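Student: All chains should be built: construct the whole structure from the sequences, respecting the hints.
There are 2 protein chains.
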Amino acid sequence: MSETKKDAIATQEEELSWFDPLATEGLRVYGFAWFDRDHRYMRFPAASDELVRKVSTNVANLSGHSAGGQVHFRTDSDTVAIMAEIAAPSAMPHMTIIGQGGFDCYAGCDYQDLKFYTTTTFPISARAYQYRFFTGIPGEKLIVINFPLYNKVESVKIGLKPGALLKKPEELPQPGRIVVYGTSITQGGCASRPGLCYTNILSRKLGIEFINLGFSGSAFGEPEIAELVAAVDGARMFILDYEANAGSNGRLYLTLEDFIKIIRRRYPDVPIAVVSRIRCVFAELNPETAGKMRRELKEFQMKTVDSFREKGDKAIYFIDGATLFPDDYHEFTVDSNHPNDIGFYWMAAGLEKEIRKIINI
Amino acid sequence: MSETKKDAIATQEEELSWFDPLATEGLRVYGFAWFDRDHRYMRFPAASDELVRKVSTNVANLSGHSAGGQVHFRTDSDTVAIMAEIAAPSAMPHMTIIGQGGFDCYAGCDYQDLKFYTTTTFPISARAYQYRFFTGIPGEKLIVINFPLYNKVESVKIGLKPGALLKKPEELPQPGRIVVYGTSITQGGCASRPGLCYTNILSRKLGIEFINLGFSGSAFGEPEIAELVAAVDGARMFILDYEANAGSNGRLYLTLEDFIKIIRRRYPDVPIAVVSRIRCVFAELNPETAGKMRRELKEFQMKTVDSFREKGDKAIYFIDGATLFPDDYHEFTVDSNHPNDIGFYWMAAGLEKEIRKIINI
Numbered sequence: 001m002s003e004t005k006k007d008a009i010a011t012q013e014e015e016l017s018w019f020d021p022l023a024t025e026g027l028r029v030y031g032f033a034w035f036d037r038d039h040r041y042m043r044f045p046a047a048s049d050e051l052v053r054k055v056s057t058n059v060a061n062l063s064g065h066s067a068g069g070q071v072h073f074r075t076d077s078d079t080v081a082i083m084a085e086i087a088a089p090s091a092m093p094h095m096t097i098i099g100q101g102g103f104d105c106y107a108g109c110d111y112q113d114l115k116f117y118t119t120t121t122f123p124i125s126a127r128a129y130q131y132r133f134f135t136g137i138p139g140e141k142l143i144v145i146n147f148p149l150y151n152k153v154e155s156v157k158i159g160l161k162p163g164a165l166l167k168k169p170e171e172l173p174q175p176g177r178i179v180v181y182g183t184s185i186t187q188g189g190c191a192s193r194p195g196l197c198y199t200n201i202l203s204r205k206l207g208i209e210f211i212n213l214g215f216s217g218s219a220f221g222e223p224e225i226a227e228l229v230a231a232v233d234g235a236r237m238f239i240l241d242y243e244a245n246a247g248s249n250g251r252l253y254l255t256l257e258d259f260i261k262i263i264r265r266r267y268p269d270v271p272i273a274v275v276s277r278i279r280c281v282f283a284e285l286n287p288e289t290a291g292k293m294r295r296e297l298k299e300f301q302m303k304t305v306d307s308f309r310e311k312g313d314k315a316i317y318f319i320d321g322a323t324l325f326p327d328d329y330h331e332f333t334v335d336s337n338h339p340n341d342i343g344f345y346w347m348a349a350g351l352e353k354e355i356r357k358i359i360n361i
Numbered sequence: 001m002s003e004t005k006k007d008a009i010a011t012q013e014e015e016l017s018w019f020d021p022l023a024t025e026g027l028r029v030y031g032f033a034w035f036d037r038d039h040r041y042m043r044f045p046a047a048s049d050e051l052v053r054k055v056s057t058n059v060a061n062l063s064g065h066s067a068g069g070q071v072h073f074r075t076d077s078d079t080v081a082i083m084a085e086i087a088a089p090s091a092m093p094h095m096t097i098i099g100q101g102g103f104d105c106y107a108g109c110d111y112q113d114l115k116f117y118t119t120t121t122f123p124i125s126a127r128a129y130q131y132r133f134f135t136g137i138p139g140e141k142l143i144v145i146n147f148p149l150y151n152k153v154e155s156v157k158i159g160l161k162p163g164a165l166l167k168k169p170e171e172l173p174q175p176g177r178i179v180v181y182g183t184s185i186t187q188g189g190c191a192s193r194p195g196l197c198y199t200n201i202l203s204r205k206l207g208i209e210f211i212n213l214g215f216s217g218s219a220f221g222e223p224e225i226a227e228l229v230a231a232v233d234g235a236r237m238f239i240l241d242y243e244a245n246a247g248s249n250g251r252l253y254l255t256l257e258d259f260i261k262i263i264r265r266r267y268p269d270v271p272i273a274v275v276s277r278i279r280c281v282f283a284e285l286n287p288e289t290a291g292k293m294r295r296e297l298k299e300f301q302m303k304t305v306d307s308f309r310e311k312g313d314k315a316i317y318f319i320d321g322a323t324l325f326p327d328d329y330h331e332f333t334v335d336s337n338h339p340n341d342i343g344f345y346w347m348a349a350g351l352e353k354e355i356r357k358i359i360n361i
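Quick note, the sequences are listed as chains A and B, same order. FYI, my numbering numbers position 83 of the first sequence as 83, with every residue one higher than the one before it. FYI, my numbering numbers position 203 of the second sequence as 203, with every residue one higher than the one before it.
Derived by calculation from the structure, the hints in this document are not laboratory data. As the structure is a computational prediction, the values presented were derived from the model and not from experiment. Hints are supplied without guarantee of correctness; some may be wrong.
To be verified - In silico DMTMM-like links for lysine to aspartate or glutamate, alpha-carbon gap of 25 angstroms or less:
1) B:Lys-353 with A:Asp-327
2) B:Lys-357 with A:Asp-328
3) B:Lys-357 with A:Asp-327
4) A:Lys-292 with B:Glu-140
5) A:Lys-205 with B:Glu-284
6) A:Lys-357 with B:Asp-327
7) A:Lys-205 with A:Glu-50
8) A:Lys-353 with B:Glu-284
9) B:Lys-292 with A:Asp-269
10) B:Lys-205 with A:Glu-50
11) A:Lys-115 with B:Asp-320
12) A:Lys-261 with A:Glu-50
What the hints assert, rightly or not - Residues of chain A clear of chain B, computed beta-carbon distances all greater than 10 angstroms:
13) Ser-17
14) Asp-49
15) Ala-60
16) Ala-91
17) Pro-93
18) Lys-115
19) Pro-123
20) Gly-195
21) Glu-224
22) Arg-265
23) Val-281
24) Glu-331
25) Thr-333
26) Asp-335
27) Asp-341
28) Arg-356
Glycine included, each C-beta is placed from N, C-alpha and C at the ideal position.
Tutor: Following this line, the structure appears as structure tokens:
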């Protein structure tokens, strides 16, 4: 790059005004259930840090991953940029570096009109980066920026043209929150960019806040974690999608009933959907071993739901994860376990239908 | 990892027999048009190395990327592994490291039954790696392994259980080759794994060999390159999909007619489809600038095709790339330019229909 061009870019960047979501009224942060109290991009409350670390070091670390975090605002700036610092360069080979540690940007007139614009790009070894999502798009617009799925955001600032309008967005079309507890899949592995994690797709499709409590490889349904899931304020529905971590080791059998009971103590009537695992080619190739285990786990989840319903809890549902992918199901993962973007697209489409029926939106 | 576990893995790997596609009768390599003569994983012939480098250093380098390469074989080994060396660690942030530098594996009874099994995984900085695609899957099967999309394969070996059957696969369901000339999108940016590059999806769906001549950022339609595209033996159809590189700089206007004429000299009757660019949100947001340019480029491609047809060439077709994505088109890229897996899935679905009509399969 020539010096002149470098200078030009530097000057352009200097010309932007930078706003920190931690300190800016107009930037509204979604997806972190305790953000208003704790002012940090963490998925569990500060008051429980010690407890969570005792229960599971992995969950404690992963609760710092910003999956499901979003910042929303309205602006008439014709340029929107971002400046971010993440905890460490991302390192997983089966997910893009920008899906792990980047942000993506949607824009439109309002929540019904959001369109994907673009994604941060930066050297794969970068721990800090700056990126212009767009420039030269006039008019007032609603902006939704999705946070990294598999990295911790140490700091983030939004860059706008100096003097541009910056104000809080309108309320989301739907009040309340849908809280999803689950695995690496819930956390967004392996979406190509943050907006394609299934909870983020659903938040756009349904116009409601999602609280993503997916903890890669670590969703074992511990009662202390269940208490924190139940502690999310304003829940309108819960989704429990943790067979992929707690199935083969037997923990699902040990924890599911108690998990539901813990939610019920805080939320007696809020719908709970238990979602079984998506299809996996190796389960189908080994019908007598992995396949058998899958069938039994699915039956167990169905029966658990049935037993609550029989006892009068009519707000509990079972969703068969195996039905979410169409015939070519084997194509829709990156490694036979983690959905690729097609997989998330189908998961979101199937879950959207079920959620609409369940909470009637 | 404990020493014991490390040793166990080492012992397991030692127990496999390793086969090099360059020197093994039973391993059939597809996707490199000059493989039988040159015995290398390059997309252009050795005899033209010097010429290509004179025309375009980028194309010369990218012709070493193994996009579209595949190795097919039949085996009854219950384990299939791979050992590969690539030119350098992959470095793009918006495509997975395994999409850039890894292999993925499909298996089934025959070409109609292929299912995606899994993908190599390795540290992102690795230049050499070894991976077991699966183990414990009994019976004879057809295996199709897709090569890296954005890296150069220095060497690759297939690992099987010692003494296992290894033989050439049956012929592909369809004879001949479909030759695709194009951009980074053609080359597979940004599929999450090699098998989801649109030419690889189509090779499975249609049961025919594809020759992927996508050259990221460098598809300028030079006549020397057109000569090499036309030099592919056994072509049953050509697809020219290079607007995304040659559109905004005007080169498409300068080269398309000659490109078609060059193909026609070698293949007077083989169908040629000109495909315009997929939809892009920024073209739609800027109808008077980028949008206008897109409309003009599309019209130019349509008119060029029409003018050949009017002169009696009935084997030339125009496919409107903008129709390949459904309504949510803006979701189907990773950066507003490069399809993500959903984008490739839709591209392949749309092109499959058109190709079936055109070559009647």
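Student: Please go over all the hints and tell whether each is borne out by the structure.
Tutor: Checked hints:
no.	hint	in the structure
1	B:Lys-353 with A:Asp-327	18 angstroms, holds
2	B:Lys-357 with A:Asp-328	22 angstroms, holds
3	B:Lys-357 with A:Asp-327	23 angstroms, holds
4	A:Lys-292 with B:Glu-140	23 angstroms, holds
5	A:Lys-205 with B:Glu-284	21 angstroms, holds
6	A:Lys-357 with B:Asp-327	23 angstroms, holds
7	A:Lys-205 with A:Glu-50	36 angstroms, violated
8	A:Lys-353 with B:Glu-284	29 angstroms, violated
9	B:Lys-292 with A:Asp-269	54 angstroms, violated
10	B:Lys-205 with A:Glu-50	53 angstroms, violated
11	A:Lys-115 with B:Asp-320	22 angstroms, holds
12	A:Lys-261 with A:Glu-50	24 angstroms, holds
13	Ser-17	23 angstroms, holds
14	Asp-49	30 angstroms, holds
15	Ala-60	23 angstroms, holds
16	Ala-91	6 angstroms, violated
17	Pro-93	4 angstroms, violated
18	Lys-115	4 angstroms, violated
19	Pro-123	7 angstroms, violated
20	Gly-195	8 angstroms, violated
21	Glu-224	30 angstroms, holds
22	Arg-265	39 angstroms, holds
23	Val-281	5 angstroms, violated
24	Glu-331	5 angstroms, violated
25	Thr-333	7 angstroms, violated
26	Asp-335	5 angstroms, violated
27	Asp-341	4 angstroms, violated
28	Arg-356	17 angstroms, holds
Hints 7, 8, 9, 10, 16, 17, 18, 19, 20, 23, 24, 25, 26 and 27 from the list above are not met by this structure, while the remaining hints are.
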